[in-house]
Amino acid sequence: MASQQDIRRRIASVRNTHKITKALELVASARLRRAQTRIEEMRPYADRMQELMVGTARAASSFRNLPLMQRREEKRVGVVIFSGDRGLAGPFNGQVMRRAFELERKERADGHEVVWTVVGRKGGSTLRFRRFEVAAHWEGFVDKPTYHDAQAVAHKLAELYTEEQVDRVVVVYNKFVSALVQRVVVSDLLPIPEHVLEGSDEEDPDPKKQALRGDFIYEPEPEEILERLLPVYLETEIYRALLESAASFLAAQMTAMRNASKNANDLIDSLTLQMNRARQAEITQEILEVVAGADALTA
Amino acid sequence: MARSKFPVEVLTPEGEVFSDEVEMLSTRTVVGSIGVLAHHEPVLARLEPTELRLYRSDSEIVRFAQAEGYLQFAENRALVLVEEAIAPDELDRATLESKLAEARAALERAEEGTEQRARAERDLRRYEAFLSVGH
Numbered sequence: 063m064a065s066q067q068d069i070r071r072r073i074a075s076v077r078n079t080h081k082i083t084k085a086l087e088l089v090a091s092a093r094l095r096r097a098q099t100r101i102e103e104m105r106p107y108a109d110r111m112q113e114l115m116v117g118t119a120r121a122a123s124s125f126r127n128l129p130l131m132q133r134r135e136e137k138r139v140g141v142v143i144f145s146g147d148r149g150l151a152g153p154f155n156g157q158v159m160r161r162a163f164e165l166e167r168k169e170r171a172d173g174h175e176v177v178w179t180v181v182g183r184k185g186g187s188t189l190r191f192r193r194f195e196v197a198a199h200w201e202g203f204v205d206k207p208t209y210h211d212a213q214a215v216a217h218k219l220a221e222l223y224t225e226e227q228v229d230r231v232v233v234v235y236n237k238f239v240s241a242l243v244q245r246v247v248v249s250d251l252l253p254i255p256e257h258v259l260e261g262s263d264e265e266d267p268d269p270k271k272q273a274l275r276g277d278f279i280y281e282p283e284p285e286e287i288l289e290r291l292l293p294v295y296l297e298t299e300i301y302r303a304l305l306e307s308a309a310s311f312l313a314a315q316m317t318a319m320r321n322a323s324k325n326a327n328d329l330i331d332s333l334t335l336q337m338n339r340a341r342q343a344e345i346t347q348e349i350l351e352v353v354a355g356a357d358a359l360t361a
Numbered sequence: 012m013a014r015s016k017f018p019v020e021v022l023t024p025e026g027e028v029f030s031d032e033v034e035m036l037s038t039r040t041v042v043g044s045i046g047v048l049a050h051h052e053p054v055l056a057r058l059e060p061t062e063l064r065l066y067r068s069d070s071e072i073v074r075f076a077q078a079e080g081y082l083q084f085a086e087n088r089a090l091v092l093v094e095e096a097i098a099p100d101e102l103d104r105a106t107l108e109s110k111l112a113e114a115r116a117a118l119e120r121a122e123e124g125t126e127q128r129a130r131a132e133r134d135l136r137r138y139e140a141f142l143s144v145g146h
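As given, the protein sequences belong to chains A and B, one line each in that order.
Residue numbers for the first sequence follow our numbering, so the first one is 63 and each next one is one higher.
Residue numbers for the second sequence follow our numbering, so the first one is 12 and each next one is one higher.
Derived from the structure by calculation, the hints contain no laboratory data.
This structure is a prediction, so every number in the text was calculated from the model and none was measured.
It is possible that part of the hints are untrue.
As the list claims (entries may be wrong) - Here are some, though not all, of the chain B residues that point toward chain A, as calculated from beta-carbon distances under 7 Å: (1) 40; (2) 42; (3) 53; (4) 54; (5) 56; (6) 92.
To be verified - Simulated pairs of lysine-lysine, DSSO-like, Cα-Cα distance not exceeding 30 Å: (7) A:84 with A:237; (8) B:110 with A:206; (9) A:137 with A:218; (10) A:206 with A:237; (11) A:218 with B:110; (12) A:84 with A:206.
What the hints assert, rightly or not - Covered, in the sense of this in silico footprint (three residues per stretch, anywhere, with C-beta under 8 Å from a C-beta of chain A), are these stretches of chain B: (13) 25-34; (14) 80-86.
Just so you know, even glycine gets a beta-carbon here, dropped at the ideal spot from N, CA and C.
My request is simple: use the sequences and hints to build the entire structure.
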């Protein structure tokens, strides 16, 4: 049986770990709330922007030949991974990487080459460890992305696409479903899917959206507006993925740290019990020795 | 004389910055300055970085340093979608000047006719416009 001293030392060490996990849990939960509001705050902008695009596309004579819409034969597929800058976040990084590698195997089987781009330090180091070449890598803003960061990523991807270094771009990220559930999503980013510009065919009962069908004075021409709107769409999509990923990271971290704190507590409890047993055993032992000694003297 | 009012919403990717009734809205499109009063014809315009002014009344004007974006006016409602909209007292001259210098340097480096150059030019225009709002 371990001595009291040993057990006491272990308890102290577990207690220290508990302090760290508890602190991380609290920080993550506070920042998660902020990240969730940011997702909600960007939604009206993204929705209105999309309505604007649908309206403008309807007024424009053609949009299929715009650079970001052009479809071509697929040879190289760009995969964008949204990982975290740090670990200690449960399955967050692992599940997104696993999904990305599944995707890679499938694309290779179809005869496509994969070009990697990655957001987040963790994803970058995994790719480097596997000796993959990384075309672009961003880090440092993952848990608190700004729109400016999204623009930097979007510009690079648009560049890769228009310079024909990739013929399709797919994003892989953790979508925030709830504090307990984050699902990995794979979705096509470029070329911009046509349904984005077509909108729903059903008549929208919302009169505000109907208004978009009216005759507008366009300044400049609808085609020109659309040409600049597409990159903006790209930016908002990236921004959305960044925010979803950030919220997922914090949620996963919060859950992981909550479990770790709970485990630490359980461990402390069972160690305390063990220590008390050891102490009692020792006392009993001493009493027995004293009594035995006294008996020996009186006998 | 009080003019009739109309609702304006100013949205950025980082949230709503303004939503209220105003008498007049003034900004700048790629074609030129524009002032919008109530019952303006439906319009959809691309905006240049400039000072966005929202006239609650002749004397009460809300100002923003506004980046590139879009203005949509329909059914007597205005919607301003911009990348950034910053209240003048939140603008930091020193940061803006360093960003302006950065944009200038990027413009020097970028080759003629590339996307980087176009972007540097846009950044330059934006920070110049922001600085002039800061006055």
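Handout entry: In rising order, the numbers of the hints this structure does not comply with
Key = Failing hints: none at all.
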